Every structure is written in structure tokens, then in C-alpha cells.
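2 protein chains.
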Amino acid sequence: MKHLNIGLFGYGTVGRGIAQVISRAKNAHAGIGRICVRNLAKHTADTDHPELFTDNADDIFNDPNINLIVEVIDNAEAAWEIVRRALVNGMPVVTGNKAMVARHLPELIELQREHGTPLLYDASSCGSIPVIRNLEEYYDNDLLLEVKGILNGSTNYILSRVFDHGEDYAAALAKAQELGFAESDPSFDIDGLDALFKLIIITVHAVGTYVPPEKIFTYGIGHIHESDIRYAREKGVKIKLVAQVVKISETQFTMFVMPEFVSPSKYIYSVDDEYNGVVIRGECYDRQFMFGKGAGALPTASSILSDIMALRHDYRYEYKKMSYIDRPEYTDDVLLRIYARYTGTNLPALLPTVHVHEQYISKESNYIVADIRLRDLIECRAILDAPDVFIANIPQFFIDKDN
Amino acid sequence: MKHLNIGLFGYGTVGRGIAQVISRAKNAHAGIGRICVRNLAKHTADTDHPELFTDNADDIFNDPNINLIVEVIDNAEAAWEIVRRALVNGMPVVTGNKAMVARHLPELIELQREHGTPLLYDASSCGSIPVIRNLEEYYDNDLLLEVKGILNGSTNYILSRVFDHGEDYAAALAKAQELGFAESDPSFDIDGLDALFKLIIITVHAVGTYVPPEKIFTYGIGHIHESDIRYAREKGVKIKLVAQVVKISETQFTMFVMPEFVSPSKYIYSVDDEYNGVVIRGECYDRQFMFGKGAGALPTASSILSDIMALRHDYRYEYKKMSYIDRPEYTDDVLLRIYARYTGTNLPALLPTVHVHEQYISKESNYIVADIRLRDLIECRAILDAPDVFIANIPQFFIDKDN
Chain A
3 MKHLNIGLFG YGTVGRGIAQ VISRAKNAHA GIGRICVRNL AKHTADTDHP ELFTDNADDI
63 FNDPNINLIV EVIDNAEAAW EIVRRALVNG MPVVTGNKAM VARHLPELIE LQREHGTPLL
123 YDASSCGSIP VIRNLEEYYD NDLLLEVKGI LNGSTNYILS RVFDHGEDYA AALAKAQELG
183 FAESDPSFDI DGLDALFKLI IITVHAVGTY VPPEKIFTYG IGHIHESDIR YAREKGVKIK
243 LVAQVVKISE TQFTMFVMPE FVSPSKYIYS VDDEYNGVVI RGECYDRQFM FGKGAGALPT
303 ASSILSDIMA LRHDYRYEYK KMSYIDRPEY TDDVLLRIYA RYTGTNLPAL LPTVHVHEQY
363 ISKESNYIVA DIRLRDLIEC RAILDAPDVF IANIPQFFID KDN
Chain B
3 MKHLNIGLFG YGTVGRGIAQ VISRAKNAHA GIGRICVRNL AKHTADTDHP ELFTDNADDI
63 FNDPNINLIV EVIDNAEAAW EIVRRALVNG MPVVTGNKAM VARHLPELIE LQREHGTPLL
123 YDASSCGSIP VIRNLEEYYD NDLLLEVKGI LNGSTNYILS RVFDHGEDYA AALAKAQELG
183 FAESDPSFDI DGLDALFKLI IITVHAVGTY VPPEKIFTYG IGHIHESDIR YAREKGVKIK
243 LVAQVVKISE TQFTMFVMPE FVSPSKYIYS VDDEYNGVVI RGECYDRQFM FGKGAGALPT
303 ASSILSDIMA LRHDYRYEYK KMSYIDRPEY TDDVLLRIYA RYTGTNLPAL LPTVHVHEQY
363 ISKESNYIVA DIRLRDLIEC RAILDAPDVF IANIPQFFID KDN
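Going down the list, the protein sequences come from chains A and B. When the letters of the first sequence are read in order and numbered with this note's numbering, they come out as residues 3 to 405. When the letters of the second sequence are read in order and numbered with this note's numbering, they come out as residues 3 to 405.
Hints were generated in silico from the structure; no laboratory data involved. Treat the hints with care, as some may be off.
Copies of the same chain look alike in the list, so a pair counts if it fits in one copy or across any two.
[Said to hold, decoys possible] Only pairs whose alpha carbons sit at most 20 Å apart, straight line, appear in this in silico DMTMM-like list of lysine to aspartate or glutamate:
#1 Lys44 <-> Asp275
#2 Lys237 <-> Asp274
#3 Lys4 <-> Glu360
#4 Lys322 <-> Glu252
#5 Lys4 <-> Glu320
#6 Lys28 <-> Glu252
#7 Lys28 <-> Asp288
#8 Lys217 <-> Asp193
#9 Lys322 <-> Glu83
#10 Lys365 <-> Glu228
#11 Lys365 <-> Asp378
#12 Lys365 <-> Asp275
#13 Lys249 <-> Asp288
#14 Lys217 <-> Glu228
#15 Lys28 <-> Asp328
#16 Lys249 <-> Asp334
Note that this is a predicted model, so its numbers are computed, not measured.
Based on the provided sequences and hints, a complete structural model is requested.
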């Protein structure tokens, strides 16, 4: 069996997790041949193997013994350069960089085709839960109706602390960072970008269509306030940051990331702390629920290991659904029902709602429950970004009640 | 794209489900070319396409247009003949027959190798949950520690009705059969054989070792009594029929099927009704939980469709873990803690327990909570089969507490 000699880019939390997981997986016949880092001194100081480290990518790309690239650096643009160079050079790649994959997926697919070199990135979506692989391989038919889930471990951890344990938002965020669940730039998690990037990747493998980030409504949890939590508690629901892609007809699907009121009857209600949970709904199999650790060094590293092992067996994504004749198209022309809380901003006057069902006014804060088109939410971005505003989806419209 | 022309064996609940699912899956480019049934008159009376049906297997095997066999008949030995003939003839096969696969897996693997013909059977374990494919492809490393779950939808449905809704056992069983969750021979479900066969298949793909059915301790729910349900309720747990394969060391694993007291902190606690749920535990990814419909015509049929689509893309099981040098070996030399209820049978005198922790005696019924070796449970089969005896596993020994 061919020994896999890995050129590893990045030696942060995940990179060190990979080294640990690979040394434990005896049947993998894989080892780390060279590690490229930005700050060489930082890593060579406290290691038994300083010779493994380099700060020059050429040392990996020009090493004839390296036969696999694993890329887990923090910087999306630098990651894109590394992955592109590897694919062009005919070196198979495993990456965990969701921002890079989500932004460059059409080019990455083209590069794989052009150079016949595989790129796997299951670790980029939901850590250790094998969502991409299952969407690509198992739900490979047009009976898939919806993929919906909690894709970001750190916001889920924060919401669990705030919601279930009555903790302060800032304290919960600091704890998430301390535990290594949150990215170094917390806005990446908090503003929903991390979940958005994962959703984009999932959507390509779910319905065969790539939608660029700027077209997708994404709203985070940064503005959540005690009054929102109280409102949700009174209704017997939890607020979760939910990402979803939903077919609304044979020819159209929609997708967005936003906080949602989740009732106890839903599978994702019980997905707490740093866990991720994904519900895959289809015409014939109803709902499948996959649940596991979505963040953390070892869960992510073990997903990377699965991709490494898959490359050994010549697995590659075939993007089969992209070649379907009847691929559904993305639309933002759908009606949502939302809860929208405000204090200073005059939301009822500013939002082009279709219908206002409830309006609550008090000295402390106000809210409306209203129907509004997703397209209008996208156009009202600036209004919704005001610090006194928070919105959450009340799922019930194009999605059936039991969802 | 090559059209898949299916030769279908069996046209019961699942067979009709397959016809329905395939007609809905427009991108599958598959159709049913011929259907072989036992009772021709029964099926040709009420169909628009009587010409599709035959009662002669030769009509399928000799038809040069048929390029795929799907086998979903009820009879395991007849299924074995069909599948063997197809593999020898170089025709790829999809089967849902867990009894046949579990009994003949070593021969089926050899036939696939010898004739270079693939056989897929993901539908045979857990209906629509892609357990086999994930164990084979995604958890393809030696970090896997345990696969544990509720694999039989009909007993789980019955226990849910009895346990959560206070229904009578016989009424719940009748309801399960009426809804099509229970096999035509209910003892297949009730005695744990269905879960056992699924566990054997899962074990081959989880740890790479085949263990024949007769070596594995299997205890069903047929003897469950009101006093057992009351006992479990008092302890705040549910009784579930659980199948598990667990590595107990680097070199050994154990496996068994038996009722278990499941506490609310466990994932499988909330797997109710006809659903299946599987927990995959590994060294680095902790626990993954997969949940979905394990029984019923359409969930099973959509799993069959996934296998059909996989064959189109030349997927085959590679049984990679069977070629590992350090495969763990099966052992029944492990200590369990069990609850054992009895009335007439003098269990404390008859069972070679290692230690009795509790003993309860009353006019109505008695029980002990005791430690006993799995090997001794296997040897005491006849005693445990007495109609006044019921046992359940109290998980805590070789399995860590948090499981």
C-alpha cells in the first residue's frame, strides 16, 4: 500500500489535531512529510522535529516525496493560492477552508476537471459530520427537498449558554473563544458568515447549483437582546442560528442564514452547545437527521483524515447534480414571516412588509411579527444592520409545519 | 447516460415502493424492465402493465436488456439463489434482504471478488439511514470505537406505544403489522433477529470482521411485562431494543442485541416510534448520531434507489477494513450488568452471576440486578427463554458512562 506523505499547510489548532489523529490511525499508512507555517520560529522552538517545518511553500511543492497536500491555514486568499497551485501541479488536496471553497468553488471545480486532480473538503462543512459526502453520494437523486441545520458550533455554543444557562452574551463569546470553538475573528461566526459559506458548499452538493455569497441573505446573532430571549422563552421556543436550502418547486429553490425560533418538536431544538445538526428532507425518506461535533481540533482533524483516506481510494467529488438537465434555480422571491425587534429605528415604516400580524410597543423595546419577501430583506440590509434591530425567522410559510 | 433497465425480484410493499420511487426520480435514468413474482395471477390482475410480470427467473436472467438486478423478496434462501446467480452471471445486484446478507456475507464477498460484480445492500440496514456507506467510506480508519443503535423499527414502535402511550403489547404489535412496520413473521422483529442481522452487516463494515449469527447473544422483547415497564419508569429510563458492536481493546470487540435501560441523556432515548437511530463513536470525533426512518416502503425504497444510483457510478464496497493487519477479534468474554426479572424460574440459583447487587422479591414478580459474563448469558439461553423471564442490559461496564 502506497504511503501517503503529506505536505501540511498550517499548524494551528486544526493542524496540530491532524498530526495527532494521523499518528493514532495506524492503518492509514500516512505521515506528515513537511509542514509550512508563516512564523517558523514560533513552531520550531518547542518541537522534537524542527526539520519538518518550513516557511517556504516551494519546499513542499518541489519535494518529489510529497504526494498529498493538506491545507488548514486561516487566511482564505493564501489558501486559494496554495490549493490552486497544488491542483495545477497535479497534487491531490484536502482542505478545511470553508471561506475559500465557498468563494472559489466554480474555479475549483474547473481546476479539478482541467488537471484531473481531486480536491476534497468534507471537513469544511460541519466538522466531523459527513454531510457533503452523503449529499454527493447517497442523496444523489432529485427527491431531495431541503437541507436545514445548525452549521456553526460557536454561535450555537453562545446561544446555548445565553439561552439555557442565563449567561451574559459577552461572557459566553469569551468562553467560546477560550475553548477554541470560535474563529480568531469572531464576526466570522457571529455575523453568520461561517454558516453561509458552509451552506453554499452544501447547496452545490444538494441541488447542483452554485450561488455566490453576496446573493444570499445572511443575518447573525450579534444584535440579540434580553428582550428577544424573553420573547422566545415565553413562546416555548429557542433561538438558533439556522442555515437552510429549500426547494420551493420543481424548478426553484431558496436559501438563507438567519436566527430562527425553533420549537421543541424539531430535531434541531436539541442540538446544543458546540454541536452541529443537519436535517435532510426528501420526498420518500422524510427526514434524516445527522448530529455531531462541528467544531474543535480533533473532530475537524478526523474529518480531514476521512478525506485523506478517501483520496487513497481514488475518491473524488463528481458534482453529478451540476450536470442534471433540470437543475432548480435560486430565487429570493419567497415570503417569510419574521419577528423584528427595534427601539429607535422605525421598522414598521421602513420595512416593505406584506402584512403585519402583530405589533408590540413598550418603553423598553418594540417588535412586529410580519410577512416580508426575502428579496426585500436583502434590499433592507442597511436598516436591519442598525444596532437596535434584531430579526428572526418564524418558520411556517413555504416550509411545511412539521419541519 | 446509460439507461438502467432493472430486473426486479419481489413486488410486495418494498417492491411497489421501488417502482414508485424510480418513477419519481427523473434524473435516475432508470426503469423497471421486468418483475419476477411468485404468484403471477395476484399481480397481473390489477396492473396496466401485465407484460412486465413473470414467475420465471429465467425471463430476467436471459433478457439481454436487463443490466441490473434488484432483489426484495421475503424468502432469504430464495434471495440467496437469485443474488448468487446474478453475481456469477456478472449482473450487478442491489438487495434489501438483511437475513440473506448476514448469513452469506463471506460467500457474497468472495463471489463479488471472483466475478468482479458488485453487490450493494445499504437498504438492508436501517432503511433510509446511510449507515453502511458511511462506515465503509467515511469512518474508514481505526479510530472507530463503537456503533450502537436502535436498528429495528417495529420493536421500537411497539415499545414506544407500550411505554409512552400505555398501550397493550398485543394491540401495539397488531398496529405495527397493520402499518407495515413489522415483518410478516413478527418473531423476526420481536426476538431481535432483524436487529441481529443488521448488526452483523454493520460490524463487517465497522471493524472488518464477520461474526456468524449463532455466535452472538440476541435477546428480544417478547417477554416484556408490566413490571419491567414500571421498574424502568421508576428509574426514569426507557427500555429500548439496542444492538451494539464495541471495541473493548485494541485487539478485541464484542457485540450483542438485547433490551437496554436507556437514560434521557443518551441520544437514542429520543428515538421513538418506527424510527432508527445509530450512534457512531470514535476516538477523535466523539459521537456521531444518525437518525431517520428505518422501516416502511418508501424509506427502504429510497435507500435502494441510492444503491442503484451508486452502481451507475461504479461504486462498490471495497471491504477495506477486512484487509487491515490489526483487525480486532470478536470476544464474548466481557462482563455485563443486567436486570433479570422472573416469577417461577429460580434465576438467582440458575444464572452463574459474578455478583448480585440487588434482589427484589414480591408476590407478583422478582428481579435481580447482577453482573454476569456475556459468555454465560449465551450458555444460559434456554433458561432465559422461559416465558416468565425477561432481561435487560444496564449499560455501564466496559462502556464508558457517558455513552
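Verification of the hints:
1. Proximity of Lys44 and Asp275 under a CA criterion of 20 Å is satisfied in neither setting, with 32 Å inside one chain copy and 55 Å between copies.
2. In the homo-oligomer, the alpha carbons of Lys237 and Asp274 lie at most 20 Å apart inside one protomer (19 Å), although the nearest pairing across protomers, at 25 Å, exceeds that limit.
3. For the identical chains of this complex, Lys4 and Glu360 are neighbours neither inside a copy (65 Å) nor across copies (56 Å), given an alpha-carbon limit of 20 Å.
4. For a Cα distance limit of 20 Å, the shortest separation of Lys322 from Glu252 inside one copy, 18 Å, qualifies, whereas the shortest one across copies, 39 Å, does not.
5. In the homo-oligomer, the alpha carbons of Lys4 and Glu320 lie at most 20 Å apart only across protomers (17 Å), although the nearest pairing inside one protomer, at 24 Å, exceeds that limit.
6. For the identical chains of this complex, Lys28 and Glu252 are inter-copy neighbours only, at 11 Å across copies versus 47 Å inside a copy, given an alpha-carbon limit of 20 Å.
7. When the C-alpha separation of Lys28 and Asp288 is checked against a cutoff of 20 Å, the pair qualifies only between copies, where the shortest distance is 18 Å, while the shortest distance within a copy is 39 Å.
8. Proximity of Lys217 and Asp193 under a CA criterion of 20 Å is satisfied intra-copy only: 15 Å inside one chain copy versus 55 Å between copies.
9. When the C-alpha separation of Lys322 and Glu83 is checked against a cutoff of 20 Å, the pair qualifies neither within a copy, at 26 Å, nor between copies, at 34 Å.
10. Proximity of Lys365 to Glu228 under the C-alpha cut-off of 20 Å is restricted to the intra-copy arrangement: shortest distance 14 Å within a copy versus 57 Å between copies.
11. Taking the shortest Cα distances, Lys365 and Asp378 never come within 20 Å of each other, neither inside one copy (28 Å) nor across copies (71 Å).
12. For the identical chains of this complex, Lys365 and Asp275 are neighbours neither inside a copy (33 Å) nor across copies (48 Å), given an alpha-carbon limit of 20 Å.
13. Taking the closest pair of Cα atoms, Lys249 and Asp288 come within 20 Å of each other only inside a single copy of the chain (14 Å); across copies the shortest separation is 33 Å, beyond that limit.
14. In this homomeric assembly, Lys217 and Glu228 never come within 20 Å of each other (Cα to Cα): the closest approach is 31 Å inside a single copy and 58 Å across copies.
15. With identical chains, the CA atoms of Lys28 and Asp328 are at most 20 Å apart between copies only, with a shortest distance of 9 Å across copies and 45 Å within one.
16. Taking CA atoms no more than 20 Å apart as the test, Lys249 paired with Asp334 passes inside one copy only; the shortest distance there is 12 Å, against 49 Å between copies.
Taken one by one, the earlier hints fail for this structure at numbers 1, 3, 9, 11, 12, 14, listed in ascending order.
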